[in-house]
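Asks: Sequence:
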Amino acid sequence: MITQAEIVVALIDNGKGRFLFQKRHADNPVMPNLWELPGGKKEKNETYLGGLEREIFEELGISGLNWKFLPTLSKSNSEEGISLHLYGAQCKRGLATSLSYGWFSTKEALRLPLPNLTRELISNLQF
Numbered sequence: 001m002i003t004q005a006e007i008v009v010a011l012i013d014n015g016k017g018r019f020l021f022q023k024r025h026a027d028n029p030v031m032p033n034l035w036e037l038p039g040g041k042k043e044k045n046e047t048y049l050g051g052l053e054r055e056i057f058e059e060l061g062i063s064g065l066n067w068k069f070l071p072t073l074s075k076s077n078s079e080e081g082i083s084l085h086l087y088g089a090q091c092k093r094g095l096a097t098s099l100s101y102g103w104f105s106t107k108e109a110l111r112l113p114l115p116n117l118t119r120e121l122i123s124n125l126q127f
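If you count the sequence shown from 1, position 122 lands on 122 in the numbering used here, and the numbers rise without skipping.
What the hints contain is simulated information worked out from the structure, not anything from laboratory work. For each residue, glycine too, the CB sits at the ideal point set by N, CA and C. Incorrect hints may appear among the rest.
[Said to hold, decoys possible] Restraint ranges, calculated between C-beta atoms of paired labels, are given here:
| id | residue 1 | residue 2 | range |
| --- | --- | --- | --- |
| 1 | Asn-28 | Arg-119 | 14 to 24 angstroms |
| 2 | Lys-16 | Asn-45 | 32 to 42 angstroms |
| 3 | Lys-44 | Glu-108 | 30 to 40 angstroms |
[Claimed, not checked] Result set (DSS-like, lysine-lysine): computed pairs, CA atoms no more than 25 angstroms apart in a straight line:
| id | residue 1 | residue 2 |
| --- | --- | --- |
| 4 | Lys-16 | Lys-44 |
| 5 | Lys-16 | Lys-41 |
| 6 | Lys-68 | Lys-44 |
Please build the complete structure, drawing on both the sequences and the hints.
Replies: Given below as structure tokens:
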């Protein structure tokens, strides 16, 4: 049995129907140059929400968002050993990130090079 990596990801809406995606660095050994939702791996003693808030602060320099868990969009793929837990929030303030990022509609996002599980999550969104 494969141990699942517990990943928390954020669907951040800018209030105009566009969502934040980050581009992984070209030198990243895991999925270089792919676009992804911000977030990361939950640490052992963290709650999912606590892990998400830590990751979003580390990556984007923002905190205090009103997160909503989107349980029907959580995906698990035992072959890849990843379980994605999706939270949504709206953010209209500036971001502090060194990664390339952009705001995309779900239709635009599906044209980006995305990790498979991220593509599956985005495909299921009804916006």
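Asks: Each of the hints needs a verdict: does it hold here or not?
Replies: Hint check:
{"no.": "1", "hint": "Asn-28 with Arg-119: 14 to 24 angstroms", "in the structure": "holds, 18 angstroms"}
{"no.": "2", "hint": "Lys-16 with Asn-45: 32 to 42 angstroms", "in the structure": "holds, 37 angstroms"}
{"no.": "3", "hint": "Lys-44 with Glu-108: 30 to 40 angstroms", "in the structure": "holds, 36 angstroms"}
{"no.": "4", "hint": "Lys-16 with Lys-44", "in the structure": "violated, 35 angstroms"}
{"no.": "5", "hint": "Lys-16 with Lys-41", "in the structure": "violated, 28 angstroms"}
{"no.": "6", "hint": "Lys-68 with Lys-44", "in the structure": "holds, 22 angstroms"}
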